[in-house]
Amino acid sequence: MVFVTVDNNLARLRKMSGMIFKIYPGSVVYEFIDPMLSAKYICNNPVDMVIARINMKPVDGGLLKSVIHENKPEISVMLLQDDVYEIPKNIIIG
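All residue numbers for the sequence shown refer to the numbering used here, where the first residue is 1 and numbers rise by one.
Think of the hints as simulated: they come from the structure by calculation, not from any bench.
Please read all numbers here as calculations on a predicted model, not as lab measurements.
Heads up, a few of these hints could be off.
Unchecked claim - If you anchor each label on the Cβ, the simulated ranges turn out as follows: (1) Pro25 to Ser66: 30 to 38 angstroms; (2) Gly26 to Ser66: 27 to 35 angstroms; (3) Lys57 to Gly26: 26 to 34 angstroms; (4) Val59 to Pro25: 30 to 38 angstroms; (5) Pro58 to Gly26: 30 to 38 angstroms; (6) Asn55 to Gly26: 26 to 34 angstroms; (7) Ser66 to Pro46: 29 to 37 angstroms; (8) Ser66 to Asn45: 12 to 20 angstroms; (9) Pro58 to Lys22: 28 to 36 angstroms; (10) Lys22 to Glu70: 15 to 23 angstroms.
Think of the CB as a built atom: it goes at the ideal place given N, C-alpha and C, for glycine as much as any other residue.
Using the sequences and the hints, build the whole thing.
Set out below in structure tokens:
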């Protein structure tokens, strides 16, 4: 599977990617600190799933999800609230 992870905080981003590698060994994870650059990558490359934080700048996770679904509605986008990288509990999937 090909994942794209997006978070303005590099330490959280690395934790999130580490969790993905544990759950899906052998997967490919592309990390982005800038949500706008991630949108450009996602729209121009094959991606299976996007996992992003809701609270980001310059655009938030909700807007990122809208842009992705406008261009590639088949991609699953998971938005995370707070610091849920240990035990996922505040997750919005769509």
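Here's how the hints hold up against the structure:
1. Pro25 to Ser66: 30 to 38 angstroms: holds (32 angstroms)
2. Gly26 to Ser66: 27 to 35 angstroms: At roughly 31 angstroms between Cβ atoms, Ser66 and Gly26 fall inside 27 to 35 angstroms, so the hint holds.
3. Lys57 to Gly26: 26 to 34 angstroms: holds (33 angstroms)
4. Val59 to Pro25: 30 to 38 angstroms: holds (31 angstroms)
5. Pro58 to Gly26: 30 to 38 angstroms: Since Pro58 and Gly26 have Cβ atoms about 33 angstroms apart, the given range 30 to 38 angstroms holds.
6. Asn55 to Gly26: 26 to 34 angstroms: Holds, since Asn55 and Gly26 (Cβ atoms, about 31 angstroms apart) stay within the stated range.
7. Ser66 to Pro46: 29 to 37 angstroms: violated (20 angstroms)
8. Ser66 to Asn45: 12 to 20 angstroms: The hinted range 12 to 20 angstroms holds for Ser66 and Asn45, with Cβ atoms some 19 angstroms apart.
9. Pro58 to Lys22: 28 to 36 angstroms: Holds - the Cβ-Cβ distance for Pro58 and Lys22, about 31 angstroms, lies within 28 to 36 angstroms.
10. Lys22 to Glu70: 15 to 23 angstroms: violated (32 angstroms)
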